[in-house]
Each structure stands twice: as structure tokens, then as C-alpha cells.
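Keeping the supplied structure of chain A fixed, place chain B upon it in accordance with the hints.
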Amino acid sequence: MIHDAFLVAGKDLRLEWRSRVALNQVAPFALLVLVLFAFALDPDRGLLEKATPGLYWVAVLFSGLLALQRSFSIESADGNRDALRLSGLDPAGIFLGKVMAVGVQLLALEILLGIGVAVLYTTPITGWILLLVTAMVATVAIAAAGTLYGVVAAGLRVRETLLPLLLLPVLAPVLIGSTRAFEAALGGTPSEGWPWVGLMGVIAVLYIVAGVFGFGPLMEES
Amino acid sequence: MISQTPTEVTGPTSTSSRVTRVLGFLALVSLGVLVLFGLILSPPDASQGEAVRIMYIHVPSATVAYLGCFLTTIGSIVYLWRKSQWWELVAYAGAEVATLFTVITLVTGMLWGRPTWGVYWVWDARLTSTAMLLLLLLGYLAVRRLPADYEVRAKRAAIVGLLLVPNVMIVRKSVDWWRTLHQKPTLLANGLDSKIEGLMLFSLFTGFIAISLVFGWLIVHRFRLAWLEEQVESEGLDLAIAERRAEALVGEVAP
Numbered sequence: 693m694i695h696d697a698f699l700v701a702g703k704d705l706r707l708e709w710r711s712r713v714a715l716n717q718v719a720p721f722a723l724l725v726l727v728l729f730a731f732a733l734d735p736d737r738g739l740l741e742k743a744t745p746g747l748y749w750v751a752v753l754f755s756g757l758l759a760l761q762r763s764f765s766i767e768s769a770d771g772n773r774d775a776l777r778l779s780g781l782d783p784a785g786i787f788l789g790k791v792m793a794v795g796v797q798l799l800a801l802e803i804l805l806g807i808g809v810a811v812l813y814t815t816p817i818t819g820w821i822l823l824l825v826t827a828m829v830a831t832v833a834i835a836a837a838g839t840l841y842g843v844v845a846a847g848l849r850v851r852e853t854l855l856p857l858l859l860l861p862v863l864a865p866v867l868i869g870s871t872r873a874f875e876a877a878l879g880g881t882p883s884e885g886w887p888w889v890g891l892m893g894v895i896a897v898l899y900i901v902a903g904v905f906g907f908g909p910l911m912e913e914s
Numbered sequence: 604m605i606s607q608t609p610t611e612v613t614g615p616t617s618t619s620s621r622v623t624r625v626l627g628f629l630a631l632v633s634l635g636v637l638v639l640f641g642l643i644l645s646p647p648d649a650s651q652g653e654a655v656r657i658m659y660i661h662v663p664s665a666t667v668a669y670l671g672c673f674l675t676t677i678g679s680i681v682y683l684w685r686k687s688q689w690w691e692l693v694a695y696a697g698a699e700v701a702t703l704f705t706v707i708t709l710v711t712g713m714l715w716g717r718p719t720w721g722v723y724w725v726w727d728a729r730l731t732s733t734a735m736l737l738l739l740l741l742g743y744l745a746v747r748r749l750p751a752d753y754e755v756r757a758k759r760a761a762i763v764g765l766l767l768v769p770n771v772m773i774v775r776k777s778v779d780w781w782r783t784l785h786q787k788p789t790l791l792a793n794g795l796d797s798k799i800e801g802l803m804l805f806s807l808f809t810g811f812i813a814i815s816l817v818f819g820w821l822i823v824h825r826f827r828l829a830w831l832e833e834q835v836e837s838e839g840l841d842l843a844i845a846e847r848r849a850e851a852l853v854g855e856v857a858p
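As they're listed, the protein sequences go chains A and B.
Taken in order, the first sequence gives residues 693 to 914; the numbers are from this note's numbering.
Taken in order, the second sequence gives residues 604 to 858; the numbers are from this note's numbering.
The shape of chain A in the complex, shown without the other chains (with noise of 0.2 Å):
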């Protein structure tokens, strides 16, 4: 399972690195969301560096959602997804590869994100444990989540309206978590953060769970 993982993963990876469509296209994005966010909230009234946590968080959801299109539209042009299936790999570990990808992919565009709020918004960056911590668990659950309801809206037509509509509201405790630790960590008070981040590892572990029983099925169907 965990071999089969690192082979979609690194299978993945591979095309993101190759197509470039990651490095030119999503991360731009996610650079302009930071921009708009500055016309649509003043940058003299210093309410974006109040508003960073959130802000950064709102940023990565977005961007991570075209990530997220993205893995899952990459398996269905040219029969792909017949051929995953006959490919004889374990679901569980196509679920857990894909993750993986996703994942690696989450924490590029945050550490691009990060510094794009470092600089943009001038906010100071403090808490680096908490930071880092709440990064990695948070993208754990972004990227389990969004495998599992992705695989859900793949090969349908109504996939790029479908995804946002069943994704977001599940993701809002994340959103809600992530926010409040990052708070924390910017205000120095991190122990005020540590709860948010047990309950994103919650998240992180049912959509695990989840996905490694339930991939089997959603892949079984014609």
C-alpha cells in the first residue's frame, strides 16, 4: 500500500514538474488572490496585517481547490482512470499517493504564500512552531478531504462547480482552526493554538480513514 502510495505520488509529481501547470499557473494565482485581497481591503488602514491569518488561509483554500481540479483531471482524459484501475495498485494507496501529491503541492504554495504575506502585508512572523505545526497538519486534512470528495466529483461534468460546493463547507472547521492557531502564533499566545491543531489532526485522520476504505468502491464503478 505505501509502495503503491509512493508510485502515484511520485507519477503525480512527475507531470506537475513536467506540465509546469503548478509553477505558472496556480501559484501566480495564489499570489494574485494576496494582491486582491489588498485593492478589496485598504493597505493603509493596517487591516491586512490584522487579517493575515485568515487571509493566508482563504488564499491557500483557493488556490488549493485548483490544485485539487487539477490532480483529478489529470486521471480522466485519455481513459486514465480505466487504466489506474487496471493497474493492479491498491485504492488505499492510490488515495494515499494522491494525498501525498496534493499535499507537496499545498505546502509549495504556502511557503510561497507565507512569504508573499510576509512581505505584502509586512506582518511579523513569530510562533514558528506553532506555524510550521499547524501548516503540516492543516495540509494533511486540505489534501485528505480534497482527495476524497475530488475522486467523489471526478469524470462527472459538473466537477469544477461540484468540488467547491461539497469541499468548502467541510473544510470551514480547517479554515476555522488554522486561522485561530495562526493568531495565536502571530499574538504570542501559542498555547491558545494547540487545541486548533488537535482537532485539524481529527479532520486529518477521519478523512484518512475514510479515503482508504472508501476509494475502493468510488474506483469499482463504471
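Keep in mind the hints are simulated off the structure, nothing from the lab.
It is possible that some hints are incorrect.
What the hints assert, rightly or not - Below, a list of computed lysine to aspartate or glutamate pairs in the EDC-like style, where the Cα atoms sit at most 20 Å apart:
1) B:Lys776 to A:Glu884
2) A:Lys703 to A:Asp782
3) B:Lys686 to B:Glu836
4) A:Lys742 to A:Asp696
5) B:Lys686 to A:Glu884
6) B:Lys776 to A:Glu875
7) B:Lys686 to B:Glu832
8) B:Lys686 to B:Glu850
9) B:Lys686 to B:Asp727
None of the values given here were measured: they were computed from a predicted structure.
Below, chain B without anything else, positioned relative to chain A:
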């Protein structure tokens, strides 16, 4: 993947039966009793005045909305486990009726909020998590009503339905923390504390009975309707196949 074809399964042949006619009659009678006690016989509240009467429909609606979610999750689990179409349709009926009652809860809640808090909406933990519940239910219904084969719709919806109750619980927990960590406990608490007058308590009790009966009646009818719809669809397909075959036969005979 359904183990039995629809024609072999014994299911409802109509949306009505004697039991549900009695259920419907009881639901109507209890709604009448609710109107009598809720609007006329029960006294206005000391602090909230007449607005408290909304409680008699608001609180039972919220309760049965959660009940519908549980039906959806249980139905989804049994469908994934046993491939039982019966349970899949129970899950679907549960989600639809739960959506209706969630909307009723939100609308009555907002109407109640206007006179008591002065605004239709506050970012209270319960209001926010109920709004999120509605969005989660709409997501399930969107998948269940996909323009795709029954198998595809049912299986994907079942995965979403399976996660419905866990999601509702996580959202509730997170919203509770989100609000309580930053402001005083919820405003709603004063409407529902234990100091409820006897007649008001009885009215609320009547509300629970009336709304539960309506809920049961709706679930049964929605289930039967969905069952009959699936029957018609598969029968229509069989008929179309038979017709095409007949055409092919005619074509062979002709020179």
C-alpha cells in the same frame, strides 16, 4: 451492483397506505393542537413576550433535522455495506426532509432573533453551525441528483452521506470553540433554560409530537416516491430495449 433487480423486490406500489393515512391524520390533528396551545392557550414569556411562541416550532424542527441526518448516514452505511437500494433511498429521503427542516429552523430562528436580539443574524455558534449543516446537506443532494447513472449517483452520494454526521459533529465543535473562545456564552441559552412554565413546556411537548409526526409522514412519502421513480426509470429502460429489439427483428425480415 444491486443484488436484486427492482422487479423482484417487494416495495411500495403507491405513495399511500392505510397506515400512512392514519399517520397523516394524526399529524394534522396534532398540528391543530399545537396551534391551539402554542398560539392561544400558552402564556407569553416574561422576558421575550409573544416571540417565545416561535420556540414551539423552532426547537422541534431543529431536532428532527438532526434526526434526518442520522437517517442519511445510517442509510448510506447500510447501502455501502449491503448494496441495498431500499436503504439508499431511506438515506436520500432523510437528507431531503432534513434539508426542509433545517431551512425551517433557520427561518424561524432568524424571525425569533429579530425581536429578541434586534437583528436577523448573529454569529452565534448554533446559528452558524445550522447554516453549515444546510450547506453540507445541499452538497449531499447535489451529488445524489447528479445527471448520471443510478449506480454512480448512489455510490458517490453514499460516501458523502456516510461522512455527513461526522462532519456535522466536527463543524459544531469547531464553531462552538470559535465563538466561545472569543465571546461570552451563547445568547440563545436564555430562551431555553430549565425555568419553563408548565403550560409552555406542554406546548413545546406538543410541538415535538406534531413535528415528529409530520417528519415521519414526509419521510415515508418521500421514500415511496423515490422508490416508484426508480421503478419507472428502470421499467422505461426495459421497455425501450424491447422496442429496439423488435425494430431489429422487423429489419431482418424485410428484404
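*Taking the numbered hints from earlier one at a time, note which ones the structure violates and give those numbers from smallest to largest.*
4, 5, 8 and 9
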